[in-house]
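Participant: Chain by chain, the residues:
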Amino acid sequence: MENTIVRAENYNAYFGDNHVVKDVNISINKNEVIAVMGPSGCGKTTFLRGINRMHELIPNATAKGKILLEGENVYDMNAIYVRAKIGMVFQRPNPFPNLSIYDNVVAGYLLNGIKVSKADKDVIVERSLTSAALWKEVKDSLHKKGTFLSGGQQQRLCIARAIAMQPELILFDEPTSALDPISTSSVEALFHELKENYTLIIVTHNMQQAARVSDRTAFFYMGELVEFDDTKQMFTAPADQRTQNYITGRFS
Amino acid sequence: MEAKIGTRNIKSMIFKGIIVFFAFVITLPLIVVLLYIIKQGITQVNWTFLTHVPAPPGEKGGGIINALTGSFIMVLMASIVAVPVGILAGIYLSENPRTKLAYYSGLCVDILQGVPSIVVGIVVYFWVVKPIGGFSAIAGSIALAIMMLPIIIRSTEQTLKLLPDSLKEAALSLGIPYHRVILKVIIPCGFAGILSGITLSIARIIGETAPLLFTALGNNYFSLKITGQMESLPHVIFTYATSPYDDWHDLAWGASFILLLFVLTLNIVTKLLTRKWKIQL
Amino acid sequence: MITSPVFTWAGNCFVNKPPNFVENKRLELSNGQLKWETMFKLLLKVMSVLLVLIIVGVLITLIIESWPSITSQGIKYIWGKVWDPVQNIYGAYPFLVGTLLTSFTALIISIPFSYAIAIYLGEYNPKGWLSDLLKNTIELIAAVPSIIYGFWGLFVLVPLVRTLEMKLDILPYGVGVFTASIVLAVMIIPYGASLGITLIRMVPSPLKEGAYALGATRWEVIRNVIMPYTRSGLFAGVLLSLGRALGETMAVTMLIGNTTAVADTFKNVFFGPGNTMASVIANEFAEADHTLYLSALIELGLVLFVVTVIINMIGKRIITRVTKS
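Residue numbers (our numbering), protein chains in the order written: chain A, 87 to 338; chain B, 3 to 283; chain C, 197 to 521.
Honestly, the hints are just simulated from the structure, not real lab data. Since this is a predicted model, take the numbers as computed values, not measurements. Each hint should be verified, as a subset may be incorrect.
[To be verified] Chain B stretches covered by chain C per the calculated footprint, using a threshold of three residues with CB under 8 Å from any CB of chain C:
(1) 87–96
(2) 110–117
(3) 235–245
(4) 262–274
[As the list claims (entries may be wrong)] Facing chain B, according to a computed beta carbon distance under 8 Å, are these residues of chain C, among others:
(5) I250
(6) Y316
(7) A478
(8) F481
(9) A484
(10) G497
(11) V499
(12) L500
(13) V502
We put the beta carbon where it would ideally sit given N, CA and C, even for glycine.
Build the full structure now, drawing on both the sequences and the hints.
Facilitator: This is the structure in structure tokens:
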């Protein structure tokens with residue numbers, strides 16, 4: 087129980103009258119890699135964005151229920167604090183175009199006005215970039231703009247940016263859907279590394295990816311959490327007919 | 003049949019000829035005006051012209067230093083007011099496009115864009131000149147600021163709408179508070195676009211005369227007092243152009259040349275900024 | 197040993213975590229910043245409300261200040277032909293006529309040019325250096341301050357018109373409605389043109405290609421496809437130009453001759469000196485020595501404001517409707 091990092095209790099999310107996430111209960115352990123899959127429009131991304139309260143930024147979006155982050159309901163906390171504690175990586179790499187690679191990594195501090203000494207910053211930048219497997223490629227061009235990097239490098243830069251904030255949990259919203267196969271495999275390899283220190287929740291519509299990288303998989307369908315189980319178990323012997331249908335490609 | 007196609011093609015050619023003629027002939031008045039102002043004005047501009055106040059009628063020499071400083075001070079003060087207000091209102095419009103307030107203030111921006119400048123002059127007369135008890139540079143600046151607002155607001159709004167949402171999400175997901183996201187990420191990323199709106203708005207108001215007639219009026223003497231009357235480039239042109247003295251007409255040609263120079267430079271700067279901005283996207 | 201870059205670091209990147217400032221600072225930050233965040237959002241709202249207040253304030257100010265005139269002159273203000281500050285009789289008819297006459301004359305002169313520019317840059321030659329050059333030149337026409345057009349008109353155009361009038365055997369004033377309209381026409385051309393260019397470029401090419409495929413000539417495509425498709429949008433452009441023309445002050449003031457009398461024949465009205473609402477305000481506002489006089493002038497401003505707002509609103513409505521569909 088104390089190994090749990092995130093727990094959703096009767097979590098519901100809406101866009102206006104549109105009920106997109108329905109009564110989700112899920113419990114995620116520390117240092118786990120969780121894949122969240124399901125057909126598009128099934129509420130998986132909305133659920134992910136509910137965890138760090140990004141969901142409510144969309145006009146008309148509301149949520150009910152609890153998301154407990156280390157036992158504390160995020161909806162009782164300051165949203166800014168929640169987002170600082172939880173890292174997030176998006177579909178499309180989105181480094182800040184006005185900042186250098188170096189500044190992009192420490193953006194969480196820089197843009198927040200947190201004073202960090204140059205020495206500390208250097209440490210953070212090197213370690214974060216190393217963790218994101220990008221250090222070797224960019225260490226000589228740290229002061230170039232982040233937008234000069236390739237798509238895969240940009241995405242790893244975004245991962246480094248999230249790591250730099252020392253989050254407990256990192257959320258990935260289809261992180262490789264905009265990347266080429268080589269960049270995708272480099273990002274996937276990263277997940278194994280990151281697992282040592284972080285909990286990862288990865289939304290993906292790519293079943294092979296879910297099977298490759300995750301310990302446990304959650305399957306969403308029509309806003310409901312249909313099944314949540316060991317990845318191997320789920321892909322070999324799903325308990326629910328709908329999961330079976332999805333895995334065998336009856337609908338996508 | 004053949005013949006008919008022939009006449010149809012000829013008709014099409016004739017029409018094209020007419021279109022091309024009308025489209026290009028309109029550049030003539032502009033070229034004529036520009037050349038005339040340059041021809042009349044450039045000979046007037048010298049060191050004395052730029053550093054002295056106007057000479058009394060009948061006397062040679064004199065300059066427009068009072069109008070230059072006056073225009074500079076009033077445009078500066080107008081910008082100090084209009085730039086922050088305009089940018090913030092523009093941010094609101096682009097960030098909350100569907101609220102009622104955005105609808106109404108957007109409507110007001112449209113209205114403000116079409117309000118005749120003379121009406122702005124009248125209103126500021128009652129808002130500032132009458133309560134203070136006299137014409138002043140402050141009143142002039144407020145009138146100019148009101149004229150600047152719609153241009154700055156619209157360009158800010160449009161620039162920010164061009165920025166991808168992912169940028170804002172990236173910043174927010176790092177736990178950066180909203181105001182810092184706007185000030186440190188969104189505005190720097192859209193800086194060139196916003197700046198082009200500012201330069202364009204300055205280009206528009208630097209030649210505005212009507213709103214100054216009842217607010218700053220004019221001043222024959224050099225003055226830096228913002229609570230008193232102040233001369234400006236367009237106003238000096240108006241006064242001296244409509245005066246009966248040839249020396250003053252010359253002064254007005256010189257002032258027109260300078261004003262034109264400012265306006266053209268600001269327009270070119272705006273063009274370069276928007277071009278750069280488009281490439282970045 | 198060669199390792200792929202992915203596996204070089206042993207994973208545990210913050211083994212000896214750097215100074216534990218992150219946790220603490222995050223907390224204190226979020227509490228402190230929340231206040232600023234709320235303030236900033238409020239500030240954005242306040243600025244938008246300010247805009248509404250400016251417009252409402254303009255309207256209220258104009259109504260209050262013109263109230264003495266509205267009550268004392270009544271509806272006669274609109275068609276009264278006498279404007280006599282000494283007798284305190286104020287009829288705005290001459291200025292209404294002057295304004296409408298100059299604006300519509302300018303509009304009629306400008307329309308062929310605006311349309312030609314719109315068609316040329318929208319259809320014949322939408323890209324390339326010549327197109328860019330012409331487009332920038334048209335924009336420059338709008339950039340030149342009104343006062344400079346007025347000044348130039350006074351010294352170059354007025355003598356020319358005077359010569360023309362002498363040849364036509366009309367009283368050779370030089371200044372007047374006709375002269376003001378010519379300059380005004382040049383000034384408003386860019387407004388109609390730039391909107392027209394955008395609209396014509398928005399015509400879906402399948403429509404045009406369909407017509408070409410049927411063997412239509414360019415002119416036929418323009419007349420039968422592009423023109424009907426963009427008609428209401430081009431009309432909106434005309435409205436916006438009209439809004440500009442009605443409120444234009446300085447150039448007109450310098451060229452129209454400024455007389456409050458109404459000429460007897462149309463020829464004299466058209467070629468002789470006149471006055472527009474804006475030019476009367478510009479000329480007489482500073483001289484208005486008693487309340488009713490000033491108030492009557494402000495009523496002109498009120499009429500001008502209301503009319504331009506209505507025209508602009510209709511124009512914008514049409515544009516949003518056209519560009520959205």
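Participant: For each hint, tell me whether it holds in the structure or not.
Facilitator: Hint-by-hint comparison with the structure:
1. 87–96: holds (count 6)
2. 110–117: holds (count 8)
3. 235–245: Holds: 5 residues of the segment 235–245 of chain B have a Cβ under 8 Å from chain C.
4. 262–274: The restraint on the segment 262–274 of chain B holds, since 5 of its residues have a Cβ under 8 Å from chain C and three suffice.
5. I250: 6 Å, holds
6. Y316: 4 Å, holds
7. A478: 6 Å, holds
8. F481: Nearest chain B Cβ about 6 Å off; hint holds.
9. A484: At about 10 Å, which exceeds the 8 Å cut-off, the nearest Cβ of chain B leaves the hint on A484 (chain C) violated.
10. G497: 5 Å, holds
11. V499: 10 Å, violated
12. L500: 6 Å, holds
13. V502: With a minimum Cβ separation of about 10 Å from chain B (threshold 8 Å), the hint on V502 (chain C) is violated.
Checked against the numbered hints listed earlier, the structure breaks hints 9, 11, 13; every other hint is satisfied.
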